[in-house]
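*Asks:* Each protein sequence line maps, in turn, to chains A and B. With the numbering used here, the residue at position 319 of the first sequence is 319, and numbering never jumps. With the numbering used here, the residue at position 108 of the second sequence is 108, and numbering never jumps.
To be clear, the hints were calculated from the coordinates, so they are not data collected in a lab. By construction, the Cβ of each residue, glycine as well, lies at the ideal position given by its N, Cα and C atoms. Among the hints, a few may not be true.
Each computed EDC-like pair below joins lysine to aspartate or glutamate, with the alpha-carbon atoms no more than 20 Å apart [said to hold, decoys possible]:
(1) B/82 / A/158
(2) A/322 / A/269
(3) B/82 / A/213
(4) A/43 / B/199
(5) A/238 / A/361
(6) A/136 / A/518
(7) B/82 / A/121
(8) A/252 / A/237
(9) A/95 / A/158
(10) B/82 / A/271
(11) A/199 / A/72
(12) A/512 / A/258
(13) A/199 / B/88
(14) A/235 / A/470
(15) A/235 / A/31
(16) A/325 / A/374
(17) A/43 / A/280
(18) A/401 / A/465
(19) B/82 / A/264
(20) A/274 / A/103
(21) A/390 / A/374
(22) A/43 / B/88
(23) A/401 / A/413
(24) A/238 / A/31
Have a look at the derived ranges for each label pair, beta carbon to beta carbon [to be verified]:
(25) A/385 / B/205: 20 to 28 Å
(26) B/153 / A/337: 55 to 63 Å
(27) A/355 / B/264: 35 to 43 Å
(28) A/460 / B/153: 56 to 64 Å
(29) B/157 / A/391: 43 to 51 Å
(30) A/257 / B/106: 29 to 37 Å
(31) B/15 / A/387: 52 to 60 Å
(32) A/325 / B/153: 22 to 30 Å
(33) A/385 / B/29: 14 to 22 Å
(34) B/290 / A/387: 26 to 34 Å
(35) A/391 / B/158: 48 to 56 Å
(36) B/141 / A/271: 24 to 32 Å
(37) B/15 / A/30: 54 to 62 Å
Partial selection, computed: residues in chain A whose CB lies under 7 Å from chain B [stated by the list, open to error]:
(38) 129
(39) 130
(40) 246
Given next are the chains, with one letter for each unit.
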Amino acid sequence: MPRNTLRVVLRRLALCGVAALGLAAGTAHAEMVLRIATMGEPKTLDPHGVSGTWENYIVGDAFLGLLTEAADATPIPGAAESWTISDDGLVYTFKLRPHTWSDGTPVTAEDFVFSLRRILDPATGAEYASLLYPIKNAEQINSGAISDTSELGVRAIDPQTLEITLVGPTPFFLELLTHYTAFPVPRHVIERHGSEWVKPGNFVGNGAYTVVEWTPNAQVVSIKNPAFYDADNVKIDKVVYYPDEDRGAVTKRFRAGEIDLQDEFASADVEFLKQELPAETRIYPKLGTYYYVFNQTRPPFDNPSLRRALSMAIDREAIMEKLIKTGEVPAYGVAPPETGGDWQPYRPAWADRPYAERVEEAKALVAAAGHGPDNPLQVEISYNTSEDHKRIAVAIQSMWKALGVQAELVNREIKVHYDTLRQRDFQVARAGWIADYNDPQNFLYLLETRSGPQNYGGYSNPEFDRLMVEQGQTNDRAERFAMMQQAERIAIDDDAWAPIFYYVSRSLVSQKLKGYADNVKHIHRARWMSIEG
Amino acid sequence: MGRLVLRRLATAIPTLFVIVTLSFFMMRLAPGGPFDQERPLPPPILANIERVYHLDESLWRQYLRYVGGLLRLDFGPSYRTKDFTVGELLLQGAPASLKVGGLAVIVATVLGLAAGITAALRQNSWVDYLTMSGAMLGIAIPNFVMAPLLSLVFGVLLGWLPAGGWGGGALPFIVLPVLALALPQVARVARLVRGAMIEQLHANHVRTARAKGLHERIVIGRHALRGALLPVVSYLGPMTAALLTGSVVVETIFSIPGIGRYFVQAALNRDYTVVMGVVIVYAALIIVLNLIVDLIYGLLDPKVRHD
Numbered sequence: 001m002p003r004n005t006l007r008v009v010l011r012r013l014a015l016c017g018v019a020a021l022g023l024a025a026g027t028a029h030a031e032m033v034l035r036i037a038t039m040g041e042p043k044t045l046d047p048h049g050v051s052g053t054w055e056n057y058i059v060g061d062a063f064l065g066l067l068t069e070a071a072d073a074t075p076i077p078g079a080a081e082s083w084t085i086s087d088d089g090l091v092y093t094f095k096l097r098p099h100t101w102s103d104g105t106p107v108t109a110e111d112f113v114f115s116l117r118r119i120l121d122p123a124t125g126a127e128y129a130s131l132l133y134p135i136k137n138a139e140q141i142n143s144g145a146i147s148d149t150s151e152l153g154v155r156a157i158d159p160q161t162l163e164i165t166l167v168g169p170t171p172f173f174l175e176l177l178t179h180y181t182a183f184p185v186p187r188h189v190i191e192r193h194g195s196e197w198v199k200p201g202n203f204v205g206n207g208a209y210t211v212v213e214w215t216p217n218a219q220v221v222s223i224k225n226p227a228f229y230d231a232d233n234v235k236i237d238k239v240v241y242y243p244d245e246d247r248g249a250v251t252k253r254f255r256a257g258e259i260d261l262q263d264e265f266a267s268a269d270v271e272f273l274k275q276e277l278p279a280e281t282r283i284y285p286k287l288g289t290y291y292y293v294f295n296q297t298r299p300p301f302d303n304p305s306l307r308r309a310l311s312m313a314i315d316r317e318a319i320m321e322k323l324i325k326t327g328e329v330p331a332y333g334v335a336p337p338e339t340g341g342d343w344q345p346y347r348p349a350w351a352d353r354p355y356a357e358r359v360e361e362a363k364a365l366v367a368a369a370g371h372g373p374d375n376p377l378q379v380e381i382s383y384n385t386s387e388d389h390k391r392i393a394v395a396i397q398s399m400w401k402a403l404g405v406q407a408e409l410v411n412r413e414i415k416v417h418y419d420t421l422r423q424r425d426f427q428v429a430r431a432g433w434i435a436d437y438n439d440p441q442n443f444l445y446l447l448e449t450r451s452g453p454q455n456y457g458g459y460s461n462p463e464f465d466r467l468m469v470e471q472g473q474t475n476d477r478a479e480r481f482a483m484m485q486q487a488e489r490i491a492i493d494d495d496a497w498a499p500i501f502y503y504v505s506r507s508l509v510s511q512k513l514k515g516y517a518d519n520v521k522h523i524h525r526a527r528w529m530s531i532e533g
Numbered sequence: 001m002g003r004l005v006l007r008r009l010a011t012a013i014p015t016l017f018v019i020v021t022l023s024f025f026m027m028r029l030a031p032g033g034p035f036d037q038e039r040p041l042p043p044p045i046l047a048n049i050e051r052v053y054h055l056d057e058s059l060w061r062q063y064l065r066y067v068g069g070l071l072r073l074d075f076g077p078s079y080r081t082k083d084f085t086v087g088e089l090l091l092q093g094a095p096a097s098l099k100v101g102g103l104a105v106i107v108a109t110v111l112g113l114a115a116g117i118t119a120a121l122r123q124n125s126w127v128d129y130l131t132m133s134g135a136m137l138g139i140a141i142p143n144f145v146m147a148p149l150l151s152l153v154f155g156v157l158l159g160w161l162p163a164g165g166w167g168g169g170a171l172p173f174i175v176l177p178v179l180a181l182a183l184p185q186v187a188r189v190a191r192l193v194r195g196a197m198i199e200q201l202h203a204n205h206v207r208t209a210r211a212k213g214l215h216e217r218i219v220i221g222r223h224a225l226r227g228a229l230l231p232v233v234s235y236l237g238p239m240t241a242a243l244l245t246g247s248v249v250v251e252t253i254f255s256i257p258g259i260g261r262y263f264v265q266a267a268l269n270r271d272y273t274v275v276m277g278v279v280i281v282y283a284a285l286i287i288v289l290n291l292i293v294d295l296i297y298g299l300l301d302p303k304v305r306h307d
């Protein structure tokens, strides 16, 4: 190619580039756009198939449950404007708010009946259906024992009135209804499009936003739903959700002004961010517990005193202060403080003794179990691949070494890790739990015998089980909480878990983003937010 | 030549079949399944899901079901991204990967050739040393360092280009990923060309051309360059395959919705069907690229003739 032709081509290319840049810059106009970076690609936008917090951002903006979350995530009336509860706490009657789907079709009580039957139908294969087991016959239908879904304890009295009957009084039931498993789905659209109903173009919801675009691994775009009942108070016109698993890359985009809200920045970045972006860096307690679980179904951890020894020897404060510096709270109990409003986690007496003293006592316990220098206790610590999990495991390994315990670290990728937990093929393992609803029961039930594979360590204590069943039979909050406090005390005194810390949420929030309220559920709905400045 | 193409395409089908079979069973040997997760599913629910996806059937039946689907060009459903079939995911992801990878191939070839030829013509001068030191650096700095560095400098600090994102594939969004992907390859091409060019400049036919008194431009452009291109062409095949399939890191760092990212995510999530789909696309791509390289080789080198 002659030289000048090349030059001409290059010049044209450069012009194209400049023009493209200009176009990209020129698209900015008065439309108010919120750009959220979530933690990963949504599995689906069908609320009945969703199971992750990153999906909750999208579906929670697109659908409105009977109850919904305020800006600070407290439950407030949603699709239901009012309700009554029978004296025995078993029958809830909801009066629906007159409102429509985003295509203008009215939302009726029948839609809720259809939705609840659909998620519990085994053919739907909904991962999270078990959350609705408090509803009468839900468990039987979902497990296939009852094949007729119309036996479900949900009925439409008239188009505006819905009645739900429960198995037992479930004091957290209203809170549970804010969860995406209880969202209504549009029957008329599903019947027309089948599984294609969630595709942009077909998508219909009753929430503040409607999904209009989904490019896998790139973005989901929702626009304001003009038919939303409270549309007048919704300020943001368009929400773009960027799914991205590379936390560091997202933080760069946030710093470049391309993202308004980043969910969960990398913990390794915290010191840098606190220094560089102090106003944007938001760390807040979250309803979650990070714990080590002992496999109690086989030696050596069928021996409670060994569990006690190892739990006592973990210096949680040192791990938080020197290793994980993101403000997590050292944990000794099962449910985090303030769960359900004012939960006080149990703190065993040994937790307040000086660490050196605890180590001595732990040594004695290990020795009493028959382990000494020539017969050291050998354990395997399992964790899933992650820099933080590894650092914590290494720290715990060295703390246990002081007791003469030889701990070996076993690192597995996440799917394999949870598979081995499910099979109870481990000795001590790292695990974590983030609450689905704001009630201590949502943590404590993990230790019930009937929780099966969710009770990783196979902890089983009849007294604990009895208390957990009984707390579900009363609606008296004080009485319930007292029973659960007692249950937690039993489980911790049995050292079913060695809790390590209570989680925090780590977000980057642009200073232009208004209406974002830190909260323990870490749920932030776009309808309460706006972009200013 | 036509026969070569036919013959190669005929062997491609059994090759793909073997790849499909091997990957299908190897993948199932890995522990864990698509529905193992932080919150374990209650057994009845797990059973419901496995029934929906036919994962409760024997492995052989699943294999036959899968191959049967493939024959109808049905790659099956994704277990992870439930609202899309694997076919849809590949159709959405492949263009992004091809765009970034393809541009990177062009950039790497053009810049590499220019740098290599310049260095060879000014052998042992400061131009040569500078170009080749640059090339060494390009090879030595891995993608996962180069990509965040480019994003930090041009996206965050200078603010000239987006720090990440796809923007529907608009030009400003793809400049950095293409550069990050192409730079190490520019360096490799430059080194190859420089070596081959220097060798050609001392070859007999070039000396003869010079002796005939041909203009230097013709000597280099027509006689030396043609020979110097051969190693580049044979490298073009693996390079293109590497750039089109190996953009996982760059795709992740710049949030590009390409199939490289699906591959890694799917492997970690045990999203069997997506892994299979990407494997098939990659295998087909490599088979076709190798064929194209062989054909170009025949055109450039008179010693190679396909009959």
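*Asks:* Which numbered hints does this structure break?
*Replies:* 1, 4, 5, 6, 8, 10, 11, 14, 16, 17, 18, 19, 20, 21, 23, 25, 26, 29, 31, 34, 35
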